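In the order they appear, the protein sequences are chains A, B, C and D. Take the first sequence: its position 227, counted from the start at 1, is 298 in my numbering, and no numbers get skipped. Take the second sequence: its position 254, counted from the start at 1, is 325 in my numbering, and no numbers get skipped. Take the third sequence: its position 268, counted from the start at 1, is 672 in my numbering, and no numbers get skipped. Take the fourth sequence: its position 233, counted from the start at 1, is 637 in my numbering, and no numbers get skipped.
No lab work stands behind these hints, which were simulated from the structure alone. Keep in mind it's a predicted model, so treat the numbers as computed, not measured. Heads up, the beta-carbon is just placed ideally off N, CA and C, and yes, glycines get one too. Be aware that one or more of the hints could be misleading.
[What the hints assert, rightly or not] Pairs of lysine-lysine, DSS-like flavour, derived with a Cα cap of 27 Å:
#1 K357/B x K460/A
#2 K636/C x K253/A
#3 K753/C x K357/B
#4 K460/A x K636/D
#5 K352/A x K636/D
#6 K636/C x K460/A
#7 K357/A x K636/C
#8 K357/B x K357/A
#9 K352/B x K753/C
#10 K460/B x K636/C
#11 K255/A x K460/A
#12 K399/A x K253/B
#13 K253/B x K213/B
#14 K357/A x K753/D
#15 K541/D x K753/C
#16 K399/B x K753/C
#17 K253/B x K636/D
#18 K541/C x K541/D
#19 K352/A x K541/C
#20 K541/C x K551/C
#21 K175/A x K265/A
#22 K541/D x K352/B
#23 K145/B x K213/B
#24 K399/A x K753/D
[Stated by the list, open to error] Reference excerpt, derived from the structure (chain C facing chain D, CB under 10 Å, subset only):
#25 L648
#26 Q649
#27 G650
#28 F653
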Amino acid sequence: MDFGLVELSAEDRALQSEIRAFLAEIFTPDVFQHEHETGSGFNPKVYEALGARGWLYPELPVEQGGAGFTPVQKRIMELELIRQDARVMMMQGTSSLPMAAVRKYMDPAVADPILKECAAGRAVMCLGYSEPDGGSDIANAKVRAVQDGDMWTINGSKMWTTGAHISTYTFLITRTDPEAPKHKGITMILVPLKSEGVTIQAIRTFSGERTNIVYYEDVQVHDSMRVGGVNNGWTVLHGPLDEEHSIGLDMNGGLTDVSVGTGMCRVLGASMNEVASWAHKATGSKGQLLADDIRVRESLGAAMVDYEAGISTPGPMGRVKASDVLVKNAAALQDLVGTVGLLPMNTEGSIGNGDIEYAHRFAQGTATYGGTVEVFRTIIAQHVLGLPKAQLPGAKVFLAGKKK
Amino acid sequence: MDFGLVELSAEDRALQSEIRAFLAEIFTPDVFQHEHETGSGFNPKVYEALGARGWLYPELPVEQGGAGFTPVQKRIMELELIRQDARVMMMQGTSSLPMAAVRKYMDPAVADPILKECAAGRAVMCLGYSEPDGGSDIANAKVRAVQDGDMWTINGSKMWTTGAHISTYTFLITRTDPEAPKHKGITMILVPLKSEGVTIQAIRTFSGERTNIVYYEDVQVHDSMRVGGVNNGWTVLHGPLDEEHSIGLDMNGGLTDVSVGTGMCRVLGASMNEVASWAHKATGSKGQLLADDIRVRESLGAAMVDYEAGISTPGPMGRVKASDVLVKNAAALQDLVGTVGLLPMNTEGSIGNGDIEYAHRFAQGTATYGGTVEVFRTIIAQHVLGLPKAQLPGAKVFLAGKKK
Amino acid sequence: MDLVELRRNDYTLEEVSQEVLVAFGDFFSDQCPTSLVRASQPLGFDQGLWDRLVEMGTTTMGLPESAGGDGAGMVELALVAEEFGRAIAPAPYIEHIVTSRALAAADNPALVEILAGAADGSRIVALASAPITPGAKQLVPAGAIAKDVLAFVGEDLVLFSVDTPFPHVANQGSTPLAWWDFDSVSQRTVIATGDEALRIYTRAHDERMVLTAAALVGMTEYALGLTVEFTKTRETMGVLIATLQGVAFPLTDIATNIAGARNIARKAAWYLDFSPDERPELPAIALVYASQTATHGTQQAAHLQGGLGFTVENDISMYFLRAKGWGSIAGDPNALLATIGDQVLASVK
Amino acid sequence: MDLVELRRNDYTLEEVSQEVLVAFGDFFSDQCPTSLVRASQPLGFDQGLWDRLVEMGTTTMGLPESAGGDGAGMVELALVAEEFGRAIAPAPYIEHIVTSRALAAADNPALVEILAGAADGSRIVALASAPITPGAKQLVPAGAIAKDVLAFVGEDLVLFSVDTPFPHVANQGSTPLAWWDFDSVSQRTVIATGDEALRIYTRAHDERMVLTAAALVGMTEYALGLTVEFTKTRETMGVLIATLQGVAFPLTDIATNIAGARNIARKAAWYLDFSPDERPELPAIALVYASQTATHGTQQAAHLQGGLGFTVENDISMYFLRAKGWGSIAGDPNALLATIGDQVLASVK
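Here chain A stands alone, though its shape is the one from the complex (with noise of 0.2 Å):
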């Protein structure tokens, strides 16, 4: 066990003040303003920034784009990032997932060139999982794809592919098969986004963040776009989704996260530390200030221990409990502060620039993201106790309704 501050190498620190220092450089006020605006997790000038030092996916080697960091470096990058703002940074999460599977089952020939514009920063990948009608069931895919001779033809919908509008490839899974079993007809292929036949539309959520429906309409790609052999796209798949959904057995000396969760608990700290920057200016209706309010410091306490529930709850169950804690006690903290935590950014008297309402709004969110809670209480049930499955119709894999 070991919870302690890492110990850095001289050369570690000087990287780590340079990283700060170069973030807080591209990080400008208008890279805030637009994510608001757009809600796309993603800004090409900030992805490029960072490509151009190979530090957007910096655990990569060199020559692949990356720029070799230790799991140290690596672990300040991801920190410093999130100083500076996670919601920017989504679709460098998203894309690593299909990289990977690029570049496993790929031909490096066609690979290489594509994984080297996704780390350069001048292109990101979203997952074409789910589809309108699938609900949580994504190995029941109806988005057909048909082979003739080299090249693919594509028809269908998906429905929460995050990122596409930004991205220039979707990592599709498409049915190939229709007369197999349903785990065993699907086929992987990487479409690149500005083909003939594709169309986008935005689906807006009600915490900011835009989601698409994508149309494929005889959408034409070369087979050599295919990821991994035909119908073989459950293995495929699993590459990144074990990887999403993973137990998290730590491998990296306490480098990463505990919980799954633990980005959606930044949010809800974020709202505790405003909520406490208020309490240590604001009176109460006797005009006693409320940090020493009994229902502040209360509220706060209980929030804490939330919170600290919330990161140290290991994989997918820390998943479900950091959004249970954070929906809990975003409306908790908003109760707590009154009217002027229904006052949003950029309004006058909003707390922490409109951090409260927010946390509020986003929280709603995470209840969805990757997978609904209740498809995650169906895996833990499953796989952490060991109960028998529901005999439903059509069951045999829950996993991922919504993918970011």
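Let chain A serve as the given structure and place chains B, C and D on it in line with the hints.
Only chains B, C and D this time, still in chain A's reference frame:
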């Protein structure tokens, strides 16, 4: 709408005083001690004293052993009994269900003497519904009754037959046609528990209440004790069950409780009163009176909101709500008072002579009594929200796992 | 508290109340589709809808006959509030009604003109949430559309009047909130003072809590209905999601909370009408419980529609975003709990 | 609070810790079957088990080498506590260990004999939960079996000693609680005073919170296991109840809470060992969260066995009845929340 105090006639006021004085006389300290020791929900002296005046089922006409009370008078009696001790009167309520069925379906020549004994407090009846492996599905009863001429032979066992050890009769669900669909092969029989072949084994619950397993081994019962038609048990059962589970449209000008869970809420209310009394005397670590402590005030306020919710939620929804709020607040009030909240009746320093400690144990049972809260949620899903039933292999009706 | 009081528990509505419920239910479903709610964002006020509400007699029904009203009681007003909340109507029904009733209760000749304007809907009136402290602005509910705001100052109940309302401040619930700088308002009418002022002010707050509670009940019930329908048509793994206990059980809990919150709101309204000195904690209980019901209920209802429940296009988003705000405007739930607790403590003294 | 601190999050147990976990897990499952727990009710103490615990070295492992101990840290002691809690063992492990460590920390020559008795288990020592106020008795955890109780009086940390422990008072958790009338105890040894007294006392309380948190984790996990097995064999409507979401989802929530509570308890133990001046709120967080986990987890686990979970014969009843009491003895959850909140407030000052 009317939530006013009931205006009593001079006659009713006199009756109220008479009842109150009489009950104060018969509810002697050894009645409470006896209930504390036995957990039977029954006291022969009390029942017979009430029965002798026609006050056990006072709404019945005098010729049926009642007192011909008006609804207002009946309500007076109910509340005065609760003021004494609701626990001792449990079997009064349990008996009333089979009494209704006996009255409706049996030959009056057989039924009338039985009902008179019940009204006189010399006999009570218990419910022989659940079985050891039956879960919530009472229609799946396996206790076998086989007819030979005028006699039935009964074999099998029943679980959760609360009151069997002090009851004269049990209202038994028997399987009389194993080949028929499960709801069409059951028959109700009123079995004298003194019969040869009946063995009663105690089950102790941790609230102190006693219930029983009852074994039937070649028990002989005359056909005149059959309640309703052969294989028509489901219809006979529904009379009392509808009464127990009814949505509770008020037919008495507001003289009944709106929530099925009102009795559970009274246990919460008693705890709240005891905590409030304690807070008027106890002081905190800084010498402050706890009644002035914001934490005590808020916790009692939160409990009061939940209490009001429990008693105001109609019918079976109120049963779920009452159990939820009792479980939650019994724990919260125990936290509030600290370690002394763990001390039971008759120990130095306990609060309300153990009321807080008791409420926390009692609360757990309320989530199971008369059917688990899950069974009731299933009923609410179907009958209030109109949701479709789950297509489970054995599903037809989910009902009443544990009967009082 | 007395656990065995011999009281009636009769929730049966009088025929005339039934008619009010149906009439306003019809009115809002005809006149206030969710498209109108959406179009009125972010201000949360639609003049056309307000005019039609006035035509319906909404602004006069709750005034005493002496003030040209119909003398309806809190029970009827709460029934209207429930339908108002079901439609999340962009109109200052609650603020305006409770404030006009307070003005009428003051029975002050200086108010005749303003009261007439309030009765015919031409002048929207509102109620401050806390006593005025010099130097501090206040967020006033309906303050962006009201020209007259009733507020407590020292020992006095004062009506502050302006020619143009203060500017709207955007907020999660899309309600017409504004920061009022009361210091800058010179037009002030003292309408009551001392005990009378406190009585009128407390009553107005109690009425606001009860009507808000009723509105939150209607709001949550509509949101629940949207999701119940969704779960009856959406499949996963070959079954309707409504048949899964992980979906059905949370829905039953919402329905359970709504049923209780409705009864409490109506009961609290009845006490204000018929027995105002008893159970002084009931309006607070009604508000706290309805707020919990709405916060939890709209959140779960939105969630049980999965990703779709998180989209702006889905009407349920408008319900979720209002649930917390409407409750918050009517009172601070934590502070209310302590005052409710005080009644429990007082009852055993 | 700093949300991006560059710290390790490494929960991997050292090999020696793994061995401690396995050894005590085996010990308790061999030596402390639930039948022994049941037989020791209502006192909650079994002398034979205690003797075997002493033989295992339990009473010396956590003492410093200078006091004849093995110098084990809080991480190891917490691992033992988890197994102790899993067995709900009728022995004063937590009270005795934290009190002996406090006595050893005082390094007072007058304590040599008592410390030797504590180390060989012949003299059970315990810790009062609140400072002594004259005229008021105190409920002392393990006070019915301990002859020596450490308590704070004014500025001093004082060991009160008696020849015969005060009589046991029955309690829901079947723990050896007793009312101590400290006024009547004449044998008193001041073991520390002023800042040092406060430091030792605070540390002992922190240790009690952390060990209790760990014990509650083990307790809840055992109760969960009983119910998981039950749901895998019990059918309703033709399916195993484990396949119903209404059963499976609450079970996953218990498992989730346990996993988090375990990590927090171990982390809090690590901080006490290696970084005691940082994160002073962690012991309280560990206790509050483990108490919530245990209260809710044992309640739900008992409930999901239906009526059977409510019977005295079912072992799960013993777990449910201890969950609240064990937590309550180690600290007042509401008061702890405020002190945790103070750390959040201090972090942004």
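Numbers of the earlier hints that this structure fails to satisfy, in rising order
Going through the list in order, the structure violates hints 1, 5, 7, 12, 18 and 23 and respects the others.
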